[in-house]
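Q: Chain by chain, the residues:
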Amino acid sequence: MITEKDIEVFIDGIKHYFRTSTKMDIVVDPPYLISADEITVNDYTGIIGISGERKGFVLVTAPADMLRYLVLSLGEKSATPDLVHDVVGEVANTISGNARRSFGAGFMISVPLIVQGQPSRIGAAKDTNGYVIPSRWNTFSFHLVVSLQ
Amino acid sequence: MKNPFLSIIKGVKGSMRAIGGIFRSKYIEIILAVGLFILLDSGVLILNFYTSYQIANDAHAIQLASRMGTLSQSLLHELYQVQQDANNQDANYSESIDIFAKSYRLFDETLDAFIYGGDLIGVGQGQDALLKDTAYRDTSARVLKEAEEIWKVYRIKLKPIVYAYFNDPGREKILEATTIAIDYTRQQNDKLLELMESFATAVEGVAIRKAERLRTIQSIGIGLAVINFFLILFHFLKRLSKSDALVEKSRKETEDILENVNEGLFLLDKDYIIGSQHSKSLHAFFKDDNLAGQNFIDLLRPLVTEKTLDTVEDYTEILFSPRVNESLVSNLNPLKQVEINLATDATGFDIRHFSFQFSRVYDTKGFNNLLVTVKDISEQVKLSEQLKAANEKASKEIDMLLAIIHVENNMLTDFIRMTEDGLNNVNNILKKPAKTTDSLKNKLEMIFRIAHKLKGDSTMLGLEFVEEKFHSLEAAIVVLKEKQALTGEDFLPLVVQLNQLMSDFTIIRNLQKKMNAIDLSNMQLEPVLPVVGASLDIAADSAPETLWKSQLNALVKRVVTDYGKQAVLDMSDFDATLLSEEQIEPVRDIIVQSLRNAIAHGIETPESRENAGKPSEGNLKVKLTQNGSSLQLTIRDDGGGIDIEKIKSTALAKRLATESQLSTCQSASLLSLIFRQGFTTAQEGGLHAGRGVGMDLIKSRLGSLNGQFKVKFKAGRFTEFQFSFERERIAVQL
Chain A
1 MITEKDIEVF
11 IDGIKHYFRT
21 STKMDIVVDP
31 PYLISADEIT
41 VNDYTGIIGI
51 SGERKGFVLV
61 TAPADMLRYL
71 VLSLGEKSAT
81 PDLVHDVVGE
91 VANTISGNAR
101 RSFGAGFMIS
111 VPLIVQGQPS
121 RIGAAKDTNG
131 YVIPSRWNTF
141 SFHLVVSLQ
Chain F
150 MKNPFLSIIK
160 GVKGSMRAIG
170 GIFRSKYIEI
180 ILAVGLFILL
190 DSGVLILNFY
200 TSYQIANDAH
210 AIQLASRMGT
220 LSQSLLHELY
230 QVQQDANNQD
240 ANYSESIDIF
250 AKSYRLFDET
260 LDAFIYGGDL
270 IGVGQGQDAL
280 LKDTAYRDTS
290 ARVLKEAEEI
300 WKVYRIKLKP
310 IVYAYFNDPG
320 REKILEATTI
330 AIDYTRQQND
340 KLLELMESFA
350 TAVEGVAIRK
360 AERLRTIQSI
370 GIGLAVINFF
380 LILFHFLKRL
390 SKSDALVEKS
400 RKETEDILEN
410 VNEGLFLLDK
420 DYIIGSQHSK
430 SLHAFFKDDN
440 LAGQNFIDLL
450 RPLVTEKTLD
460 TVEDYTEILF
470 SPRVNESLVS
480 NLNPLKQVEI
490 NLATDATGFD
500 IRHFSFQFSR
510 VYDTKGFNNL
520 LVTVKDISEQ
530 VKLSEQLKAA
540 NEKASKEIDM
550 LLAIIHVENN
560 MLTDFIRMTE
570 DGLNNVNNIL
580 KKPAKTTDSL
590 KNKLEMIFRI
600 AHKLKGDSTM
610 LGLEFVEEKF
620 HSLEAAIVVL
630 KEKQALTGED
640 FLPLVVQLNQ
650 LMSDFTIIRN
660 LQKKMNAIDL
670 SNMQLEPVLP
680 VVGASLDIAA
690 DSAPETLWKS
700 QLNALVKRVV
710 TDYGKQAVLD
720 MSDFDATLLS
730 EEQIEPVRDI
740 IVQSLRNAIA
750 HGIETPESRE
760 NAGKPSEGNL
770 KVKLTQNGSS
780 LQLTIRDDGG
790 GIDIEKIKST
800 ALAKRLATES
810 QLSTCQSASL
820 LSLIFRQGFT
830 TAQEGGLHAG
840 RGVGMDLIKS
850 RLGSLNGQFK
860 VKFKAGRFTE
870 FQFSFERERI
880 AVQL
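Just so you know, the sequences run in chain order A and F. Read in my numbering, the first sequence has 78 at position 78, and its numbers run on one by one without any break. Here my numbering = 1-based position in the second sequence + 149.
Calculated from the structure, these hints are not laboratory results. Hints are supplied without guarantee of correctness; some may be wrong.
[To be verified] BS3-like, lysine-lysine: derived pairs with alpha carbons at most 27 Å apart:
id: 1; chain 1: F; residue 1: Lys436; chain 2: F; residue 2: Lys456
id: 2; chain 1: A; residue 1: Lys5; chain 2: F; residue 2: Lys542
id: 3; chain 1: F; residue 1: Lys772; chain 2: F; residue 2: Lys848
id: 4; chain 1: A; residue 1: Lys5; chain 2: F; residue 2: Lys545
id: 5; chain 1: A; residue 1: Lys77; chain 2: A; residue 2: Lys5
id: 6; chain 1: F; residue 1: Lys580; chain 2: A; residue 2: Lys5
id: 7; chain 1: F; residue 1: Lys545; chain 2: F; residue 2: Lys584
id: 8; chain 1: F; residue 1: Lys618; chain 2: A; residue 2: Lys5
id: 9; chain 1: F; residue 1: Lys436; chain 2: F; residue 2: Lys524
id: 10; chain 1: A; residue 1: Lys5; chain 2: F; residue 2: Lys630
id: 11; chain 1: F; residue 1: Lys436; chain 2: F; residue 2: Lys531
id: 12; chain 1: A; residue 1: Lys23; chain 2: F; residue 2: Lys584
id: 13; chain 1: F; residue 1: Lys436; chain 2: F; residue 2: Lys545
id: 14; chain 1: F; residue 1: Lys590; chain 2: A; residue 2: Lys5
id: 15; chain 1: F; residue 1: Lys306; chain 2: F; residue 2: Lys340
id: 16; chain 1: F; residue 1: Lys706; chain 2: F; residue 2: Lys770
id: 17; chain 1: F; residue 1: Lys632; chain 2: A; residue 2: Lys5
id: 18; chain 1: A; residue 1: Lys5; chain 2: F; residue 2: Lys584
id: 19; chain 1: F; residue 1: Lys630; chain 2: F; residue 2: Lys698
id: 20; chain 1: F; residue 1: Lys763; chain 2: F; residue 2: Lys706
id: 21; chain 1: A; residue 1: Lys5; chain 2: F; residue 2: Lys456
id: 22; chain 1: A; residue 1: Lys5; chain 2: F; residue 2: Lys581
Given only the sequences and the hints, what does the whole structure look like? Please build it.
A: If you want it as structure tokens, here you go:
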């Protein structure tokens, strides 16, 4: 079963992104569990598939307002939908890169899939609870969901 | 230094071997046939040269033979001219003699050459002619003989005139000689002309026959060459066609195999390049239609883990090493089951399992390729994993079954429901937003209370493995409680444990469902299971009192054993029917927590009790009686009572009160401290008490009953908790 350390890898990844990109730490609220059919997402979602010694997915989902603000705070003059899309990709990539380094050679980490709105399908295992890690950046709330067998 | 001669010898030997190889090969027939064709063609060509030479000679001979006829006539004519010039005193006869002499000599030499062979200088177009061919004289021997006989007389008769060319005998003599010569020549002239014409015709005939013969030979040569050509053409075309058909058949067979074989087949060279011929299945396996020429490692890179990729590289490198025994490494193939993660357009991967088999492909020079066989064993692996998971699940379920089978079914149902509710409550508490440390601490307290209650329930049912898990959850909460600053991330260990508990209870719930589906009443079960307190026979008598007693007896036995103490439970005055449905759970929680505290803090060890003059076995009494409209729950132990001094020292240590406050404090106020969360007089938290949450839970449960409590104790003698609450009207189902 998934361990605290596994989940911390993803939390560290997202923390690292915001710390280095925006010079502002995120606040992680208490995590909780969610069943596969209860998973809901926000305006934009970056999904990373994981395979190998562990299987499942990790997603980061955030409201469009937060992502637009994030784009502007990264120095862009305007927050176009493309830039918003890209910034979700960057966040997901950072999480993915951190996971690659931490999990080592026994894992496969997919290229992040960026979805606006509800994804058509999330490869969640039926009997596996997902870990929701509610987080805040600036005044915005967003979520990291880790679902690994 | 290398000996250059050795190299040359080696080179020559190599070439000889190569040539020998060619002649031994299937090409020998075509080489011989083409050689014969060239030979025939060369023969015809040489014959052509020879023929043209012969034709030139024959033409020359014909010309010479024809000229002899002309010369015989010229001689007579020129003799007349000499005679005429000799008769004319004014004329110079030397010139006509000169012309005559030349004709004479030409005729003489030509005839001589035709009869005996020899050179003729300055004939034809100024070229020398060599008349060696005896065919002319052989065919016209008689003619030539006759001509020679006539010519011999000619010579005699004409000689004085010819000599006059060198030594002039005088006009008279010449005239005389000319007259004699003309007489003879006139007699023989027609004969000689006829002979010469006959000879010319014969020569011509010889030339014609020769030309015909040569033409025939040439035609035969060309005919043979043409026949040879067609033989080559038809024979080898047939063979080529047959060979092509075989190649085509072979190609078709190979193609059919590669099109239809279920396995992926391909050749891999030392540079890891996939060969152009591979089975169609391979495309489906790798979802790639352009595999030929691709690097196998690059193909696998996005599909397997780095670890697997390293294994593939290492193993194939070993296989390509000629020093390594193939059969040895084949047995060690680490790629018999490789997880392949194909990318999908949705999230995640399409996970397949492939089996790779490698075998070396040898030729005369050794091996340069590996034949790779790929099988999709996803279904087998899936079945195997399902079997493994089913075995693990079954094993876990058996463990759990052994752990829960002693619990009466209704009690187990209640326990599962309450525990799952409790766990969901914990998750809901976690889910509620909390931004401040206080709200986080409050969350923690609520979770702690639930965990402690659920742990008590597990203890009561003798579900040790569940009890231990809740104890571990409590321990994690205690660690967090001690932290000054609390963050959301700190809750992660609790959530991981919560997830584990939820998963366990899903198994227990499913297990119970299965158990319910089996009619246990017809089964003869021996009570050999590790039953704690309760036994299977309780299922037969599930009256409320019996259930309460058996559950609580089990709890007491379990807790006293854990503390190395001895105690019996007296529930003779406990009337469970007085309680409403809603009151059962809080009352049970109060009793469970009170009994655990009584054993942990009240009842002394058997030695201490004996030293104090008490029976080594302690007494615990639980009473539930009606007093007017209210119910009274009494829990009494004959232990050491409450140690007020210990409460004071704990309060001081925990800075809950100052020394001066404690000195003026009434016992009742001091006792209220024990109901504070986190307050405990125990040195360290144990499985059943010591974390300061039991009394807090009792207070909370009593609150839900709108009840009150009293505490009585006497040091060294007893402690008694009295809880009173309103009796609720019990709905009676008809």
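Q: So which hints don't hold here, by number, going up?
A: Of the numbered hints, 5, 7, 13, 19 do not hold.
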